[in-house]
Amino acid sequence: MAGSLKPVGAFAITPHKVSVCILLQIYAPPAQASVPFPFSSVSQHNRLGLFLLALTKSCDDILEPQLDELINQLKEIGGLLNHWLSEHLTRKLSALSSPDDLFNLFSSLRSILGGPETSILEDDQIILDPNSHLGMFLRRCLLAFNLLSFEGVCHLLTNIGTYCKEAVSSCPPYDLPDEDDSNNDLEELLEYEDMDLESFVFRKVAEEAEARKRARESATFHTHTPRSLLGLVEDIQVSADSKYKNCDGIGQGSEFLGPSHDTFRGDDHNSGLFLRTNWQVQGYLREQADLIEKHGSSFPLNAFESILKQLQKLAPELHRVHYLRYLNNLYHDDYPAALENLHCYFDYSAGAEGIDAPSSSSSFISYGNYEIALLCLGMMHCYLGHPKQSLEVLTEAVRASQQHNNDTCLAYTLTSICNLLSEIGISNATGIIASSYSPVTSIGTSLSIQQQLLVLLRRSLKRAESLKLTRLVASNRLAMAKFDLTHVKRPLLSFGPKASTKLRTCPIDVCKELRLSSYLLSEFGSDGASLTIDGAFSTAWLKNLQKPMASSVLSQENRSENGSDAFQFGSQPSSIPGYVLQLAGASYLLRATAWELFGSAPVARLNALVYATCFADGSSSADLALAYVKLIQHLAVYKGYKEAFSAMKLAEEKFLSVSKSRMQLLKLQLLHERALHRGHLKLAQQVCDEIGVLASSVTGVDLELKTEASLRHARTLLAAKQFSQKSGNAVLGLPYVLASLSFCQSFNLDLLEASATLTLAELWLSLGSNHAKRAKALIHRALPMILGHGGLELRARAFIAEAKCYLSDPNFSVLEDSEVVLDSLRQASEELEVLEYHELAAEAFYLMALIFDRLGQLEERESAASSFKDHVIALENPKDDEGLLLDSYST
Amino acid sequence: MGSKESCRTELRTAIRQLNDRCLYSASKWAAEQLVGIEQDPAKFTPSHTRFQRGSSSIRRRFRTNELPSTPTAGVSYITTPVPEEDDLVDSDCYLLAKSYFDCREYRRAAHALRDQTGKKSVFLRCYALYLAGEKRKEEEMIELEGPLGKSDAVNHELVSLERELSTYRKNGTIDPFGLYLYGVILKEKGREDLARTVLVESVNSYPWNWNAWSELQSLCTTIDILNNLNLKNHWMKDFFLASAHQGLRMYSESLSKYEYLQGTFPFSNYIQAQIAKAQYSLREFEQVEVIFEELLRNDPHRVEDMDMYSNVLYAKESFSSLSYLAHRVFLTDKYRPESCCIIGNYYSLKGQHEKSVVYFRRALKLNKNYLSAWTLMGHEYVEMKNIPAAIDAYRRAVDIDPCDYRAWYGLGQAYEMMCMPFYALYYFRKSVYLQPNDSRLWIAMAQCYETEQLHMLEEAIKCYRRAANCNDREAIALHQLAKLHNELGRTEEAAFYYKRDLERMEAEEREGPNMVEALLFLATYCKAQKRFEEAEVYCTRLLDYTGPEKETAKSLLRGMRAAQSLPSMDVEHFPP
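Protein chains in written order, with full-length UniProt numbering: chain E, 1 to 891; chain Z, 1 to 576.
The hints are simulated quantities; they were obtained by calculation from the structure and are not laboratory data. Misleading hints may appear alongside valid ones.
[To be verified] With a Cα cut of at most 35 Å, we get these calculated DSBU-like pairs of lysine-lysine: (1) Z/K385 to Z/K334; (2) Z/K368 to Z/K28; (3) E/K642 to E/K682; (4) Z/K334 to Z/K316; (5) Z/K483 to E/K388; (6) Z/K237 to E/K165; (7) Z/K135 to E/K92; (8) Z/K137 to Z/K119; (9) Z/K189 to E/K313; (10) Z/K137 to E/K92; (11) E/K165 to Z/K137; (12) Z/K527 to E/K309; (13) Z/K135 to E/K309; (14) Z/K499 to Z/K462; (15) Z/K232 to Z/K28; (16) Z/K355 to Z/K277; (17) Z/K355 to E/K313; (18) Z/K28 to Z/K385; (19) E/K468 to E/K512; (20) Z/K462 to E/K388; (21) Z/K170 to E/K313; (22) Z/K189 to Z/K137; (23) E/K309 to Z/K483; (24) Z/K277 to Z/K334; (25) E/K313 to Z/K385; (26) Z/K170 to E/K309; (27) Z/K237 to Z/K187.
[To be verified] Some chain Z residues close to chain E (C-beta under 8 Å, calculated; not the full set): (28) Y251; (29) D392; (30) R395; (31) C403; (32) M420; (33) F422.
Ideal Cβ placement from N, Cα and C applies to all residues, glycine included.
So that you can see chain E by itself, here it is in the shape it has in the complex (with noise of 0.2 Å):
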């Protein structure tokens, strides 16, 4: 019924904790010796206890084992034992046959527990002391039991009867009596969840306490900014070098689940899943949000799907499920089915629901949250590339929150504007911006695009800080730092000439966003470190539970010696929440970026090392695949095709479904680069027209990937021109290298420049040996950088070009100081031998022939004569080892 909703956590008694009391009960027995009947040993029985312990504290999970399961983990930990225990407990359960039985049972539980006070305590009495985590349990079970009505007591029998059943019917071995007599209820599982029942224990009370404090944070289930800013570092990818480009999409249909999906066995009725408190189906669905969010489109959409739709059907009232169903759409690019899940949970939930609650405050009865309806909204076009739509959306919600005074909301609008913004870009954005009704629009129309995102930016940045929303501010932070990356800096009104005009990126400036942004994360304790104390929590209990008690302990009777420790019970989920951690990896993986393009390889390749070894459990896959492909690029242009390759082969593996087309772009893009370098021509076109076909895959035209295959393909056509000419007019390159130097050098790209210098010097020297003293002094120039940070090739062309300097300077004398250039037309050899290049390593053994010549060393000349001789044939013939390649490529 409109807006009422009944108190969040619940404790209800289950039959799994019926099986939980039966076994304390074996623990802790009433006026017994101090190692009770079954029980060998005293570490025996601690086992019991703290699989008792374990056991208890999974209890909130959303989850319950079935009785197979929970005997299967009996026999680990029982050795001898085992059967005794879970005969006395399938005989205890099979035994209770009518309300009275269960009446009995917990009036006898209630004599373990100890009285008040425990001092009076005989020495070897077994007693729980109430207030310990197994007391607190079965008080609360007591209790909840109290509470039943008698329908409840009803309700638990037939759900105790079915309980029994399954684990006849799926492990045999266990003779049962039989039950055939039940009726048909049974045949049937019954969910039994009352929960208006419960509402009382300390604990669960601070819960809700918390819950209600964050729900003041109401914004934050459902923002996936974290998501979009990764999305973000990929587009820097894709701009700044543009080689490579997000492709979703592709992967469907692998089998990946998410962990405690197997847990499921629901087919047409749900024996598998009982349904738990409110509390604990909220936290598994956050859970699953995350999951979504992290594997995007490979996360398996029709499992999932069903499964929530079993929700649906047994919590109605659960509209978060809804959100999930969104979710699941929206990565999977299922437009109709997002939009129409999205405003069905907003209509339903007002954007407030569950957890997030804020009942107390007053303006949520008046207005609702809708304005995070629209933040929602417009995240959503964006992701499905509508900016259009998302624009106005976006705009909405800006007026929606200022209306409602909601300034949360209207810091992550303005981000997501922002976002917006800057992935649009210029060419398309210009229509939007025309329309004067937009936000946008008032800061002034003189502006172009991407000044109005600076502004923007800082304004939400601004806002963000004010507001103390930490992961706003670290996330606005890393916008900023990827603006700062790649737009040159300009005053933002310039009044007249006076006006400084110097034209730079900042790499300073990029740095400390960076440095700023993960900063801040170090401090999200006071931000949302009760975001992770919900169900989502507790569910790691069970797996831990599972974890230990199968590979460590249980099994060897011998290492239970260590104690609890050994449990690892302690070995809960780390405490960073994992949008921190997406954030942090983010900065990591943009820094990568900055350093790529700042022209410092190893310190970018260093950076994306981090992000794959730490930040994996908490990244999405696809930017994982990302720092992947930048890694294998990194060993492409320092340690050749081959290693590159093979490690391309693993990352495959590893990479599967998720980012497929991603890996294969890469592939082809090696391809390309080791086909120019060896010449093959024809290969070359052929892997160019292969990635023209991938950028207009079935999906939709890719344009930043057709720009790509273009580019390449103009390299190729230029490759095959200077074939045929082989030195062209020198005069009339200068001009682009010193534009591309000056470029470089406003851009901070130091590593492009040095490049560019070393064309400038070759330029020279081909115009004639009395310039061979300027261009050896501009390869000096750049030479430090060029050896520090540049990839083989460089390298490799710095060296020849420094030798061949020092041989047309008429100065020089070879017979006199030989090694100087031997020794760096060695090294060019042997890198250009790495990485394939037939046509300079041909180069680099002529002029090596030349001067063993001279010096009169015959044998040397022979063989550096031979490898020229190898190489000239390999370039001329680029069939020999064709299949070879095609066999790679086709792999």
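Following the hints, position chain Z against chain E.
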């Protein structure tokens, strides 16, 4: 159509057979149609024909397979033989079970029939078990309701019943009633295709069970499904088709079918109510009112469909009739969802929205899936400015029936009130898609586009054009079209629409500011176009009004005369 006589005899037998199987609502329906046929007082007095059962001599007398039926032109109807009863004398166990059943002791009834093998007994046993399961399910639903809504309480009998009935069907020992029950169970288990097949089998072999037809109708969600049903041409099929067309919002088809049926069943209240329903959907309120008045005269204690009547009275703002109706249904049965809805409507009309919500809530408590109550409650919340609650209520209506365009429209309106026009468009689009011929929806959408936040005038014009092409009673669309075109500087289009608007206002004899605006624009426009005569006409008409327009008209006239007289003066100056 079979002859009236054959219909009558068929129905009489059917009523008894349905009663024997405790299918009471189907038998009620059949009986209503029976008295809907023109009575033949010479042969049977009503007391003689009605409510006799168990007497095999009478039953034999009315076995009607040999009666000839005269097919009407065009459609050839088939006669379905009325099935023989397998046991002419009911067993004692059956009689006991039926008594239990009539006292609503379903499990006892089933138990009493546990060893019976006759088809009738088997059906009654299965039906009793099914109802017992349903009853338990309802109880459990309340017992198990948690904070996240109801748990999935299920009818525990379904599985075993399905197994049993499918065996019977395989063996060929199932009768049409068994098939009907099997179809219901299959539908509840979500196996709709098989359910449809089974129900078609049922109605083809025994067409007089209206329950089976309505179950079948609920499974026909698209016109394609309906057309692909392999149904025999029995006259009951016409009832079905009429109802199914109505369900698919094909009102005129439905209406013509009902009118055709009225030829045979001229006194059927059911048909009358259905016609009213279709007319209501076509917004012919006057006719609906007439029909309902007559219905109430014939059947003063009728509660069914009266909520629709109250809607009409609400729309016509007839306070006293509505209160009279509310009082009457209240005395008849106050715990019917329809009654609560009528009272809610009354309070809403009185402007007491809180009270109105209370009654709608009560209606929903009685029937959670009562569509119109959700929508009406949404309207009330909108009146009370509790938009989130209104949205929630509308959304529930939409989830019950995704084709309810009123609720979609309500959602759109609610969001528009929240100043979220772009967001609201989604909902208006949905409603317009479902009801493309309703001008109100198009106008609402156009107004959304027109808001200053969106200011998408081209789109607004498109919507208004659609609205103008539909039956736009309030005549908003033409005026808006003219205004928007004028705003965009397209004077020619603007003049066209102003003219049409003017013609319409003249035809409907309406006056008002729109008239003045149209006249003023046309006068100016014609003057600019140098069509002085026309302009003069408009100006003189403007002179009838008071206010600044009158002065404008005067000055326009003066200007025109000056312009006209100038060339004529030239002529005077230079005579030929």
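Taking the hints in turn, this is what the structure says about them:
1. Z/K385 to Z/K334: holds, 29 Å
2. Z/K368 to Z/K28: holds, 24 Å
3. E/K642 to E/K682: OK: E/K642 and E/K682 at ~21 Å, within 35 Å.
4. Z/K334 to Z/K316: holds, 24 Å
5. Z/K483 to E/K388: Holds, at about 27 Å.
6. Z/K237 to E/K165: Violated, at about 48 Å.
7. Z/K135 to E/K92: holds, 33 Å
8. Z/K137 to Z/K119: holds, 27 Å
9. Z/K189 to E/K313: holds, 14 Å
10. Z/K137 to E/K92: Holds. Z/K137 to E/K92 sits at ~30 Å (cutoff 35 Å).
11. E/K165 to Z/K137: Satisfied, since the Cα-Cα distance of roughly 22 Å is no more than 35 Å.
12. Z/K527 to E/K309: violated, 67 Å
13. Z/K135 to E/K309: holds, 25 Å
14. Z/K499 to Z/K462: holds, 19 Å
15. Z/K232 to Z/K28: This hinted pair holds, its Cα atoms lying about 23 Å apart.
16. Z/K355 to Z/K277: Distance of about 27 Å is within 35 Å: holds.
17. Z/K355 to E/K313: Given pair Z/K355, E/K313 holds - Cα atoms ~32 Å apart, limit 35 Å.
18. Z/K28 to Z/K385: With Cα atoms ~44 Å apart, Z/K28 and Z/K385 exceed 35 Å; violated.
19. E/K468 to E/K512: holds, 19 Å
20. Z/K462 to E/K388: Holds, at about 20 Å.
21. Z/K170 to E/K313: holds, 32 Å
22. Z/K189 to Z/K137: Holds, at roughly 14 Å.
23. E/K309 to Z/K483: violated, 49 Å
24. Z/K277 to Z/K334: holds, 23 Å
25. E/K313 to Z/K385: At roughly 31 Å apart (the allowed maximum being 35 Å), Z/K385 and E/K313 satisfy the hint.
26. Z/K170 to E/K309: Holds: Z/K170 and E/K309 sit about 33 Å apart, inside 35 Å.
27. Z/K237 to Z/K187: holds, 21 Å
28. Y251: Given a least distance of 27 Å, the restraint on Z/Y251 is violated.
29. D392: holds, 4 Å
30. R395: Holds, about 4 Å.
31. C403: Result: violated, 14 Å to nearest chain E Cβ.
32. M420: holds, 6 Å
33. F422: holds, 5 Å
Figure legend: structure checked against the earlier numbered hints; hints not met, in rising order: 6, 12, 18, 23, 28 and 31.
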